Amino acid sequence: MGMPISLALRRGEEPLADEVFGWLRWVDATFSTYKSDSEISRLVRGELRPHHTHPLVREVLGQAAALVAPTKGYFDIHARGQLDPSGYVKGWAVQMASELLLARGSHDHCINAGGDIRAHGRNAEGRPWRIAVQDPQDPAEIRWIIETEDLAVATSGTYARGDHVIDPHTGQAALALSSVTVVGQDLALADAYATAALAMGTDARHWLSMLEGYDAALIDAGGGTWSSIGWPCEDE
Amino acid sequence: MRRVILTLVVTAAVLVLLLGYKTASLKSLPTVAIAPTSNSTSKAGTTKGTKTIDGAVVQTQFGPVQVRVTIKSGKLTEVVPLQLPSDRSRDQEIASYSVPILRSEALKAQSAQIDMVSGATYTSQGYIQSLQAALDQARGA
Numbered sequence: 002m003g004m005p006i007s008l009a010l011r012r013g014e015e016p017l018a019d020e021v022f023g024w025l026r027w028v029d030a031t032f033s034t035y036k037s038d039s040e041i042s043r044l045v046r047g048e049l050r051p052h053h054t055h056p057l058v059r060e061v062l063g064q065a066a067a068l069v070a071p072t073k074g075y076f077d078i079h080a081r082g083q084l085d086p087s088g089y090v091k092g093w094a095v096q097m098a099s100e101l102l103l104a105r106g107s108h109d110h111c112i113n114a115g116g117d118i119r120a121h122g123r124n125a126e127g128r129p130w131r132i133a134v135q136d137p138q139d140p141a142e143i144r145w146i147i148e149t150e151d152l153a154v155a156t157s158g159t160y161a162r163g164d165h166v167i168d169p170h171t172g173q174a175a176l177a178l179s180s181v182t183v184v185g186q187d188l189a190l191a192d193a194y195a196t197a198a199l200a201m202g203t204d205a206r207h208w209l210s211m212l213e214g215y216d217a218a219l220i221d222a223g224g225g226t227w228s229s230i231g232w233p234c235e236d237e
Numbered sequence: 004m005r006r007v008i009l010t011l012v013v014t015a016a017v018l019v020l021l022l023g024y025k026t027a028s029l030k031s032l033p034t035v036a037i038a039p040t041s042n043s044t045s046k047a048g049t050t051k052g053t054k055t056i057d058g059a060v061v062q063t064q065f066g067p068v069q070v071r072v073t074i075k076s077g078k079l080t081e082v083v084p085l086q087l088p089s090d091r092s093r094d095q096e097i098a099s100y101s102v103p104i105l106r107s108e109a110l111k112a113q114s115a116q117i118d119m120v121s122g123a124t125y126t127s128q129g130y131i132q133s134l135q136a137a138l139d140q141a142r143g144a
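As you go down the protein sequences, you meet chains A and B in turn. Just so you know, we're using the numbering used here here: the first sequence kicks off at 2 and counts up by one. Just so you know, we're using the numbering used here here: the second sequence kicks off at 4 and counts up by one.
Just chain A, same shape as in the assembly (with noise of 0.2 Å):
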């Protein structure tokens, strides 16, 4: 998926980050639109028609297509024309991975892939994981640190090194927030809501503020803060 994935599992799991790096690869063969024999590729050529691609795949674009209505369109896999559903894959791969430990019988894992996280149960310390979130205007601080046994962690931003989020509207670079950050149970609802959310720039607190189940932080370009009601924790 181009970027650093770790994983955390208990000691004698090995084994199993085989198969998590090996869903990954899959994924990323698959759905990467820096790859040009991925199927999402060959779809965006015309090579592949779309009831020829795997069901998996036409699974990730319906799930992905039914977010344009309730991010107001500002979560569009299909913004400027062009098919990409990288801001979808990412969150979804990590959560499918997830859920494949929990059946393998994994209950203590914790995967980060780009900064999108998905935790369960504790760490090797036995306490519940702790997941920090940075200020992106300063990578070398701390914002928030979230502590959980079951919760999915999504940032979307614009750190030094990172590409703006594009306004779907406007097609114009999202500058009024600095970043997003949602929790909830899945993490590509949680991804793609902090994508939509950063495109949003000034009305996304509003938005945030209804979405069902996901609670959310915000730190906009002058470095205030804003957080949901639910938002699980204190600023540091």
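In short, the hints are calculated from the structure, not lab data. Because the structure is a prediction, the values reported are computed rather than measured. Certain hints may be false.
[Unchecked claim] Here are the simulated lysine to aspartate or glutamate pairs, DMTMM-like style, with alpha carbons at most 20 Å apart:
(1) K75(B) to E142(A)
(2) K75(B) to E237(A)
(3) K54(B) to E142(A)
(4) K73(A) to E235(A)
(5) K36(A) to E48(A)
(6) K36(A) to D85(A)
(7) K73(A) to D85(A)
(8) K75(B) to D139(A)
Based on these hints, arrange chain B on the given structure of chain A.
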């Protein structure tokens, strides 16, 4: 230069991720004792309370790794790679991964209890031996 014996959990994951290899799981690898070599240096910065420390050069199975840390008023503020395993075709890729990862490590190092970091770009879990060596050297110095 005082020699300090350090014990840390070796998580090769960050290094292997940097180099694109299949990785073993984190937190399940054996502990390893390392000592900073005598070529590690510690310079007190001219700014009050700032220290720059070069960690030990750690020989990994992929090549040498060394990082430099900056500590301001007791807080880790910067981590940069001085030496990474050199492989011409992958130098750029490694460099582009390493800085955000090392920053994330610096952030986690400020509070030993952080497990993962959520951020918009590349973040990763695990300790790099050289970073840990530099940090422990800073605490001990």
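Right, here's what the structure says about each hint:
{"no.": "1", "hint": "K75(B) to E142(A)", "result": "holds (13 Å)"}
{"no.": "2", "hint": "K75(B) to E237(A)", "result": "holds (19 Å)"}
{"no.": "3", "hint": "K54(B) to E142(A)", "result": "holds (18 Å)"}
{"no.": "4", "hint": "K73(A) to E235(A)", "result": "violated (30 Å)"}
{"no.": "5", "hint": "K36(A) to E48(A)", "result": "holds (14 Å)"}
{"no.": "6", "hint": "K36(A) to D85(A)", "result": "holds (12 Å)"}
{"no.": "7", "hint": "K73(A) to D85(A)", "result": "holds (18 Å)"}
{"no.": "8", "hint": "K75(B) to D139(A)", "result": "holds (14 Å)"}
Against the hints set out earlier in the document, a violation occurs for number 4 only.
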